[in-house]
Amino acid sequence: MIQVIAFYLFATLTIAAGALTILARNPVHSVLWLIVAFFNAAGLMVLAGAEFIAMLLVIVYVGAVAVLFLFVVMMLDIDFAELRAGFVKNFPLGLLLAIVLVCELVLGIGAERAGGIQLGTPDGTAATAAGASNIEAIGALLYSKYLFLFEAAGIILLVAMIGAIVLTHRQRGGVRGQNISRQVARRPEDATVNMQPEVGKGVQL
Amino acid sequence: MDWSQSLRLVAPELLLSIAGLVLLLGSAWAKAERDARVITWLAVAVLAGCAALVAPALWDGAHGPDRLAFSGLYSADAFASFAKLLIYAAAGASLLVAPAFFDRVRAYRPEYPVLVLFAAMGMGIMVSATNLLTLYIGLELNSLAAYVLAAFLRTDDRSAEAGLKYFVLGSLASGILLFGISLTYGFTGTIGFTGIASALQGGLSTGAMFGLVFVLAGLAFKISAVPFHMWTPDVYEGAPTPVTTFFASAPKVAALGLTMIVALQAFGTQVAAWQPIVIFAALASIVVGALGAIGQTNLKRLLAYSSINNVGFLLIGLAAATPQGAAGMLVYLAIYVAMTIGGFVAVLMLKDADGNPVEELADIAGLSRHRKVLAACLAMVMFSLAGIPPLFGFWGKFVVFQAAVQAGLIPLAAIGIAASVIGAFYYLKVVKVMYFDEPANKAVGQSDWVHQALLALCALFISPAGYLLTKCLGALAASAAAVLFHA
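Protein sequence lines correspond, in order, to chains A and B. Take 61 as the starting number for the first sequence in this note's numbering and just add one per residue. Take 5 as the starting number for the second sequence in this note's numbering and just add one per residue.
Derived from the structure by calculation, the hints contain no laboratory data. Quantities reported herein were computed from a predicted structural model and do not represent experimental measurements. Misleading hints may appear alongside valid ones.
Straight line, CA to CA, 20 Å or less: simulated EDC-like cross-link-like pairs of lysine to aspartate or glutamate [stated by the list, open to error]:
1) A:Lys205 with B:Asp70
2) B:Lys446 with B:Asp367
3) A:Lys149 with A:Asp139
4) B:Lys446 with B:Asp358
5) B:Lys446 with B:Glu364
6) A:Lys205 with B:Asp6
One chain only, chain B, in its complex shape (with noise of 0.2 Å):
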């Protein structure tokens, strides 16, 4: 393995940092917003860029020896590909909503893409680790840029609570996930995934038990699974809603990402050690998740509910544990970041006559006699996100819920079905809300082309045209978990 072969392998990294660290020294000198808009846009080609640097690893379906960089430090197989894609169309998503939002107050700065930028890096090396030691860089770049993102607004006040709070508790959880890694990599002597897997065939050790038990809680944190959520609604809220659209999407797909590679590959070889564990994930997520919003007047904390709750269905297909629950995983992962960013977007898009934003549930009251259009696709996506057929979302639980039946675990199936339709209530609440309440007149306000576009983008793919791509979706999807169970 020579180091040109590897610096080609990470081509995508290596142009981020590059790019992030030309960007930041461009805005040591951007002066007017129109700057930071201007290193914006260039943030956003330079993921779009990325991109385009990892799909063709994903059309091939790459996987093996010869993906691996800098002597089995980094894979840039089609898994990592899969999930690198929709991490730069989320950040690049946040990234466009964000100048509109923050001008308003004008809080905008050219920080805030290059943030993004590493972020990214760092999600990107979240998913394409092979080693405990990756891992923990990846995560680690990405949260600190989060904990900074989280207290944008320093002036605001939740958003600094925000900001805090997320610090402490994400510190606290890394703590929790480095403690795990040294007692895995104590009890099988070695950091790589496939060298702890075979280390593991024999079975596990007691301290090797508490090695995965502390990994999957410090990842739970991560993923926001219950029971270590508690933070989700409370930062969603705070920080300003265009970070909120990146929390709630790029990372989610970085550390469930991270998580289907540890579960699958690490502790590929003791899948009954951690089965029982990802199904009490699953069920608590799901049901806490559909109860907590339940009481929620505030639509972005209605939204982060939301989120716990989609992690849950997620959780569903890992705990199948099989190539189908995996690939259903990318599938959901897919729908669920569009439906994510459609939601936040079109609450962006919420203003009421003076351009501040409007939060509150009971403020949307009757949006749809004032702002048809707006109200149409956030009942699309609370249509999407409640599963309901004609939409897109309920693929994305269908395929899930297909694995979990085949591996066997109907009863699991049943139940998160059955609390699916709790979830029901509280999507079909904000729909007749907007629809059949009386006009509360207050989103009255306009809004910016991008979102519109966004939106439209979102409200496309989410719409039952998003079935044609199902056989496309699936096949990569496919291709993608298929590397996860080659080692």
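Extracted from the complex, chain A is given alone in its bound form (with noise of 0.2 Å):
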């Protein structure tokens, strides 16, 4: 029972967080509101037995892409105004779009009343241990089994991150950076003199 109440509670709470996405007038409450449907997600997730998904929702979506999309609307110069101005023209196009859309889902849910897809038996190599949450599943294989791509792939992002630096990294001349060490050395009687100006005259350094 409280799981019926449940997922009624996060579906309805994603639906609606969806929908204020797209109504909100002000771009910063739109990403505010993906997040809450993020989060609302997340729980259906975990309603369905994979918190391991729910999680890379959190981590992933909320963490990195949605902060993101904070950064750019907030960064960005996007005049919003313009942009709903070309929904109009943009409207046959975006008809079209849903009406594919409407197609492939009526195609798929058909494909799948009328027997599904032949697709191949799985050969077992990526079966999980009985009873392991699927979390716990998921890290015995990519840290046993799949270590070696594990690691390479650690090396793809490294390489990706060489990559940003040596394309953006770049030594400016002209810059006044600070020197710590000439900070710390600088004693209090080189940098104050005691000076006793005389009335009606500047003070000569």
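Can you join these two chains into the complex? Each is in its own frame, and there are hints to help.
Here is the structure:
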């Protein structure tokens, strides 16, 4: 019973947050509503027994993608009023895309009803240990059987990092960087002078 | 299969990754360009060490279950060793030619050798792949490093454009490949190549057929076979010449090796399904490569079309789908790498009086008057690429066509030979411009001794003296190719 209630709660909130993402006038609010939608979708995933995907949703989509969106919306000067003005002009195209999507859905569900597609039978190499939660099962495969590929994927990320630095980092001339050792080595007597200026005359340094 | 055994088998990749990390750390402290040169030489030494590690497996003709590492994710067999030797040699050559080129614009950085090492590691993983996951990880590691290398001269507009173009189109190709991989997995239920082969033994379902087509399309992009070749001339022209040398040699070997593994091992039980695709790609590449090159005025673009053309000839060996065809491809690949490196090193050596690179065909008119040796070497490369008999390039084409004829693909071989005559036209045009046109007196600059040594080495390999190697090369290629047909 509690599961059904939780499902309807998460589902309603996901749909409502999704609708508000589109309808909100302020783009920053849109992104915030999107984050709410992600959180509720994660809740749905937990209910479905896919807690690993739930975690990924929170970490990747909320933690990285939504924050990136927020940065883009806040930092770039996008004129949303102008974007909305194109709505009427692009309406036929949008309608066409919607019709294509509906057709795909109908065809997909029709194929499923007609008995599905003859897929291959899994060879069992990716079978998980019985009784393990799916996070445990993924971890056990990733760090034992697929360790080589996991480490190689790590090297790919390192190459991406090197690439980003190589292509953007440059030494600029004429920058006044902070030299900490010079600052620390400087004594008060080098930096300050006591003067006794006479009235009506400037200070001679 | 215990861990120590697995780690021993992946020793070249381990050495490359550790050396890459150490040199990366070293490059953080590198200041002068001299440090970058030291790191380059160290990277070349690492590649030589890796070559020494993989060579014994090739000599023994190693194959079978005890060459599989990490429960069958990686195979250190004779085929992989053959491809890796070519890859390491080509990567080493493109490292050696780099400092002299980049120093002129003061843009040489120690990250260049580090990225090449990681790319070489990715290519090694590609040719050792025994399943779709390993294939994809290796391919991405190589591609990601390659995108950065293409844009390495980031202040140069053409280099930045080449990098961006390569990145966008390469990601698209990766997407196509991944789509094919997921379809293949879905319809066969396995990602291992031997598993796919046995699952497809009974017949090819429509879904698996789509998977096959998408996987081949993704790979065709990486080997720049027609109709997925459009990026090649632009990227080859825009990228810095040492990087182009690298692109045209090592990744081509890796991607072609991978295509051979996928076609002959994973889809080896469904030859009839992919043979027409490969035949089409081969003929289209030969014709487009030959016709496209005719109008080119830039030497790098011309060599790019030449590489498309050569990929076509290589695919003829694959279309044969026999051990002879695969062995012929490997022999051709070895010769192709030498010809390509020779060609691009010769282009690197063309400089004007101020040391700026000369890339236009018109600028090398009458080169034979003042740079006799360079002109002679470039002419040899061109004759060899055209496949004119006394030179070694002829042998590569000969073994591939022989395999096609033996496999009963006589029309394919006939059309290929006819099209290679069209190709000969533009290769000979370069020779004619160098020897018989009025001197433009532009390419007069002196060149680095490393370039001269490499060009001499390549010229020696493709000269008639190369025929002394035919027996040894043929035997090694045959034992390497046999691995693909054992499963």
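Okay, the hints, checked on the actual structure:
1. A:Lys205 with B:Asp70: holds (17 Å)
2. B:Lys446 with B:Asp367: holds (6 Å)
3. A:Lys149 with A:Asp139: The hint holds at about 17 Å.
4. B:Lys446 with B:Asp358: holds (10 Å)
5. B:Lys446 with B:Glu364: With Cα atoms ~10 Å apart, Lys446 of chain B and Glu364 of chain B stay inside 20 Å; holds.
6. A:Lys205 with B:Asp6: The given pair, whose Cα atoms are some 12 Å apart, holds under the 20 Å limit.
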